[in-house]
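Student: Residue strings, one per chain:
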Amino acid sequence: MIRYDPQQATFYRDKLMERVKEDVAECYQCGNCTAGCPAAFTFDYPPNKIMRMLQVGMVDEVLASKSVQLCIQCLTCTARCPRNIDIAGIFEDLKTIAVVREMKVPEDADKFNRLFLQNIAKYGRLSEAMFLVRFNLASRKPMNDAGLGLPMMSKGKLEFLPKKSGGADEVGRIYKKALERSTWEN
Amino acid sequence: MTEKTETKQSGDTASKDGDRGIKVIGILCNWCSYAGADSAGTARLKQPVDLRIVRTPCTGRIDPIFALKAFEKGADGVLVSGCHPGDCHYAEGNYYARRRLELLDRLIPHLGIEPERFRYTWVSASESKRWQEVVTEFVGKVKQLGPRERRAL
Amino acid sequence: MGKLAYYPGCSLRHSAEEFDSSTRTVLETLGMELEEVPDWTCCGASPAHMTDHLLAQTLTARNLRQAHLVSEEMVAPCPACYQREKSAELEIHADADLRAEVNGIMDRPYSGEVRVFNLPELILERVGTETLRRRVKQDLSQLRVVPYYGCLLGRPSEVTGEVDSEQPVRMDQILEAVGANVRWWNYKTECCGASVGVPKKIIQQQLTKRIFEQALNAGADAIVTACPLCHQNLDMRQAQVNSHMGTDFHIPVLYLSQVMGLAMGFTPEKMLLAKHAVDPRPLVRGALEKAAEVRAEEERKAAEKVARAKARAEKKAKEKEDAEAAR
Amino acid sequence: MRIGVFVCHCGTNIAGTVDSKGIAARAAELKDVVHTQDITYTCSEPGQDAIQEAIQMKGLTRVVVAACSPHMHEVTFRRCVEGAGLNPYLFEMANIREHCSWIHEDYDEATEKAYEIIKMAVAKVRELEPLYANEVEVNKDVLVIGGGVAGIQTALDLADAGLQVTIVEKETTIGGTMAQLDKTFPTLDCSACILTPRMVDCSQHENIEIMAYSEVERVQGYVGNFTVDIRRKASYVDWEKCIGCEICQQKCPAKAPDSFNEDLVETKAIYLPFPQAVPKKAAIQYDYCRWFQEGKCKVCERVCPADAIDYEQEDEYLQREFGAVVMATGLDVFPWEEYYHEYGSGRIPDVISGLQYERMLNASGPTGGHVYRPSTMGKKKEEPEEPKTVVFIQCVGSRDESVGRPYCSSVCCMYTAKQAILTKDHVGMDTDIYVFYIDIRATGKGYEEFIKRAQTEFGVKYVRGRVSKLYESDGKVVVRGADTLLGDQVEVEADLVVLASGITPPEGSGKLAQTINISYDEYGFFTESHPKLRPLETNTAGVFLAGACQSPKDIPTTVAQASGTSSKVLGLLSRDKLKTSPEIAVVDQTRCVSCWKCIEVCPFGAPEKQEQRDGSFKSHVIESVCQGCGICVANCPVNCIALKGFQTDAIIDQIEEALLA
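Chains as they are written, first to last, in our numbering: chain A, 1 to 186; chain B, 1 to 153; chain C, 1 to 327; chain D, 1 to 661.
Bear in mind the hints are in silico, worked out from the structure with no lab data behind them.
All C-beta atoms in this analysis are idealised placements derived from N, C-alpha and C, irrespective of residue type, glycine included.
Please note that a few of the clues may not be correct.
To be verified - To give a feel for the contact side, a few chain D residues facing chain C, derived at Cβ under 10 Å:
no. : residue
1   : 339
2   : 424
3   : 473
Stated by the list, open to error - Capping the alpha-carbon separation at 30 Å, the derived lysine-lysine pairs in DSSO-like fashion look like this:
no. : chain 1 : residue 1 : chain 2 : residue 2
4   : D       : 31        : B       : 73
5   : D       : 568       : D       : 579
6   : C       : 270       : A       : 155
7   : C       : 209       : D       : 644
8   : D       : 618       : D       : 644
9   : A       : 111       : A       : 164
10  : D       : 618       : B       : 73
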C-alpha cells in the first residue's frame, strides 16, 4: 500500500520549478520517456514511473533509486516528450540532491563521480588510465573493463604518467569551494 | 460606509504601497482584444488590478487624443490593443490604427513621458494567455517606473 | 578570418588523438588559424553535473575565460565538452546571479562572451559545402557510410542549433559535400551508451549492437562519427560486443575529420587510421581503387564513343568522295 | 437625467471577490444616479423584472448593469430595458466579472476596481443618446464554402426549406474527407452508402448550385448583403461537354500524384478522383500534363468522345450576391512526415497515415480493399504481401505540444478501433494487432461499447503507452514503445504501422478567415461567437460555422451541427428586412470640408458625396452600409464625424472618470 505524501509532492514540485524550471504536474504518463530510454533496462523504476513517484511525493524512494544514478543523460526523453518536459534535467537535479544529502547510492555511481572529480581536481585534466585503475580498485574489480583498457593500451592511447595542467590548482580550489557551498536548499 | 472614508482608505494603502498608486488605461477593440480579455477572465487568469479598460469598436476608431488625454489626466500608462494585422473585423481598421499609433509612439518621449508608459499591441479573441502576459508585463514595467508626476502636457 | 580558440578536451589528448590531429590538419588546411586554449582544464563532464550545478558551470566557465584570452570564438570537437561549454555559456549569459556565483569561486572572473562551435557547425558556417566540394582531391563515392550523431551533436536543438534534434543534418551535408556515399538511416541519434561505458559496460553492449545492425541494414560499410566517446564505444569495444553477443561485426568507425581529410587528399597514415581497433585502411583503400576503376571504365566508354563517332564521320566523308569520284 | 445602476452578484462569481452590495450602495452617490440595487442574478427573470420595475417606478432615463461582459448579455439587457419602454441604446454594461472578479483575488482591491468600472460606465451612459435601428433588404441566397459532409448537409437542409444555395468546393468533386473513408464507426456502415446518395441529391436539387474546383477570393458587404468574388479554377476541360466517361484518364500517358488516394498510388495527369464523383468531370493537373510541360501529346483531346478538352481554358472570375455564408471547409490530416522524425519522416514505406490506410481498406480504393504492405506493392514479379502484424499508434499530431498540437483530435481513438476491426475482417482473425494509446476517448453514443468489441470480440491488443522510435530491420518495422501498465519497455516487429494522424485545419484556413473577416485560433480553426450561447455563429453577423473547420469533429457531430447551422441561417433569412445596428457614423455636414478622407479609408464604401442645396458636395454616410467601425471618425481632419454610441466625449469621459482620484 502506497501512502501519498502531498507535502513532499508540493515541496519537491516547487523545488523543481525553481531549480530546473520544470513542472512534474505536466506529465500525463504517456510513457514516451520510458519507451525511448536506452538505459531503462538497467533501472529499477522506468522514467515515467519516476515522474509519477515525484507527482505523488515519493521523493526519498526516487532519490534512493538505481534509475536516477544510471540515467546516462542522453536527452532522448527530453527531446521526445510530448509535453516538452526536460526529464533528463530533472534526473540530473535528482543526482545532485542525492550527492548533497550524502545518500548511499547504488552502482558505485557516487564513487565514479568522486574519483573522476578528484582526478581532475588534482591534474586539471582527466588522466584516463590513472582514473580507470583507481576506479577499478575502488570498486574492487581490478580487471573491470580490461576489454577496453587493453586495446587502448596496444594503440598507445593510454598515458600512465599524467602531467598537471597549468590550471590544475585553480580547479582544485574551485572543486573545494563549490562543494562547500552546495546544499539541498539552494 | 460612505464614499469618502472608502476612498480615504484606498488613499492610505496607496501611501503604504506604491503599487496602488498606479493607474493604467487600456483602450481595446471590441472584437479581438476585449474578447481576449474576456476569455482570460473566463479562464480565471490572474492579472494586476491596475488596468481600466475602455471598449471601442475597432482600433481604427482610436484617436491619439484618447491616449494623450489619459496622460494629461494623470494616467501612468496607456495600453492599446486590437486584432492582429490582417485579422481586423473591419478588414483594415487596425492598419490605419497602426500608422497613427506608430506616430504617437514616437511623439510620447517628446512630451516628457517615458516611452515604456505607452504600448500598442495585438491580442486575438483566443489568446487569453497572451493577454494575461501582455497586461502583467506592461503594468509591471509601469510599476517599476512608478507613478508619473502629474503635469500638463 | 580571425584566430579561433581550440579546446581539445581530455579525450582528444590521448584516447582520441587521431580525432585531434585530423581535426587540426583539416581545419588548418581549410585556412583556419587555431590556438589551443591556454591552460585549459577538464570541462567536468557528467560527473561534475551530477554532483553540483555550480561546480559544473564554474569548471566550464574557467575554460571560457581562458579561451577569451585568445578569441571570442571557440571550437570544441568533443560533443560532450561542446555541450557543457555551450550550455554553460548560454546559462551564464541568461542568469546574472549565476555568473556572480561562478565568478565568486574562480581565481579570476569571466566577464566576456565566447561563441562555442561544435565541429560540423564550425565547418558549415565558416567553410560551407561549396568550398568543401572544391577542395575534394580523392573520390570517396565508393565509400558507403552512415553518419552517427549520437546524443550530443543534435540534442537539444536550442543548444546545438540543429533544426531538428531527431534528424540532424550537418554531418550528412559535409559528407555529401566531400563526395562520400551517404546512406539514410533512422538511427542517427540513438544513444550508444558511451557516457556510462566505464561503470556499466553491459548497457552499451546492447545499444552498440543495434547501431551496428542498423548501419549494415542501411547498406553502409563504415560508421562516421564526430564524438570520441561514441568512437571509443563503437570501435574499441566492437571486439567486446562480438565476444559477449556472439556477433561478428567488422565495421570501421571513422571520424568526420578523417573522412574529410581523406577526401582532401591526405593519406590514411596522415589521418592516423592505424590508431583504430577495427582497421579502416583496407576498406578505404578498396573504396579508392573501386572509384578509380569506375572512373577509368567511364573514360573508356567515353573514348570509345568519340572513336565511333569519328569513324562514322570518316566513313561518310569517304562515301561522299567515292560518290564524287564516280561522277 | 435619471440613472439606475444594477449590480449583479452572479451567485458568487462576482460576489465572491467583489462586494456587490457595498458598491451598489456607494453608486448612489454618483451624479445623476437616482436608483441603485444589487441583484443575485441580474440576467434571470426576477432580475430583469426588477430592472423593468425600477425603470417604470423611478422613471429611469438611463440604465447601467454591472455584471458580465457585454459580449455575454448586452443584447439580453437591451431587450430588457426596451421592454420597459426605454430606448435600448440608453443602456451601458459594466464588465465586473470577466474583467474584475474572475481575475483578482484580493477582495478589497477587486471591489475598489469594480466600483471604478461602474463609475466609468455611468460616465459613458450620461453621454448616450437614443438610437433607432434601421432596416435593410435581405438577399436570401446562401453561400456554403466547402462540399464535405458538413456543407452537403447544410446545403440540403437549406435547399429543402426553399432557399437558393451555392456550394463552393475547391476540389473537382464534393464529398470531402468522408468520401475517402471506408466504413464509419461505431456502426461500421459503409461511408459511401451514406454519402454518395446525398452528393447526388445535391447535384439534382433544383435549389442547389455546385461550383466545384472553385475558391472564394473576396467577400465584401455585410449580413444580408454579401458580395463574393469566386474563382473557377481552369480544369482545361469544358465541363459543359465532359460526360465523365474516363476514357481520357485511361489513355493519358502521364502519371501524376493521386491526392484522393493519399498518394498510395499514382493517377494520370487528366483524372477523375473517383467513380462516384459529383460532378463527375475530368480535370488536368497542369504540372504533370505532357502537353503543358513538354508541348507534345494531346492524347486526351484525340480520345475524348465529347470534344471537351480545352487547353486554352483560363481561371474564370465570377461575382455573386448572398445573404449569408456558411463555413464548412473541413479538415486536413496532420502532416506527420514533417514533424515525427523519430517515426522515419515518411521514408519508411510500411509506416502510413490513418487516412492512407482508410483508402487501402476501401473496396473502391487503389487495392480494391486488400490490405498490403506498401513496401511490397507495385513490384513487377512478386505478389504484394499481406501484413501479419499491424501496429497502430495513437495521438500522432494530437495531444503533443512538441509539435504544437496540444488538442485532442477526438476521432482517432474511434477510427483506430474501427480500422483494427476491419483489418481482422479483411486480413483474417489471426492477424496480430497492437494499439499503442495514451487514453481512450470514446464519449459518443455506442462508442465505448465499440472499443470493447475491438478488445474482446476481435482480440485487438491495446497497449497503454507511447511509441518512441520506429526503424527498419530485416524487412520489418521495429516499434519501440512502452507498456506503462507493465512498467516496461516493449518492442514489436511489425509488417505495417498505421499512425492515427490527427486533425488540423486545411491549409490556408487563416487566409480564408481573413478574407471573410472572421476570427480563428492559433491553429487555424474558426472561432465561434460564444462556445455556449452562440456556438454556430461567428463574430461576423451572417457568417456561420459547420463541421471540423471549427474544431475536430466526427461525422455524427458534424451532421448534427450542420443542421443546427441551417436552422440558424433559416432564422436569419426568414425575415425580409434586417435591423441594422444604429451604432454607426454620422457626418456633421455644416463642418465637413469635403476632403473625402472618409471615403478613402472606409472599408465598406459607406460615405458618399452628397450634393447640397448650394450645389456644393459634402460627405454623407449611407446608414445601411456603415458597419460602425469608426475608422472614418478617427481619420476626419476636422472631427466632423461622430460614431453613435462611441462618441469621443463618451470615451474621453470614461477615461477621465477612471483617472479621478
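Student: Give a verdict on every hint.
Tutor: Here is what the structure says about each hint:
The interface hint given for residue 339 (chain D) holds, since its Cβ lies 9 Å from the closest Cβ of chain C, which is under the 10 Å cut-off. Contact between residue 424 (chain D) and chain C, as hinted, is not supported at the beta carbon level, the nearest pair being about 29 Å apart and thus beyond 10 Å. Of the supplied interface hints, the one on residue 473 (chain D) holds, with its beta-carbon coming within about 6 Å of a beta-carbon of chain C, less than 10 Å. Restraint check for residue 31 (chain D) and residue 73 (chain B): satisfied, since their Cα atoms lie roughly 20 Å apart, inside the 30 Å limit.
Taking the CA atoms of residue 568 (chain D) and residue 579 (chain D), the gap is near 16 Å; set against the 30 Å cutoff, the hint holds. The suggested pairing of residue 270 (chain C) with residue 155 (chain A) holds, with an alpha-carbon distance near 16 Å, which does not exceed 30 Å. Proposed proximity of residue 209 (chain C) and residue 644 (chain D) is contradicted: the alpha carbons are some 78 Å apart, above 30 Å. With a C-alpha separation of about 19 Å, the suggested pairing of residue 618 (chain D) with residue 644 (chain D) holds against the 30 Å cut-off.
Simply put, residue 111 (chain A) and residue 164 (chain A) have alpha-carbon atoms about 22 Å apart, close enough for the 30 Å limit, and the pair holds. Restraint check for residue 618 (chain D) and residue 73 (chain B): not satisfied, since their Cα atoms lie roughly 35 Å apart, outside the 30 Å limit.
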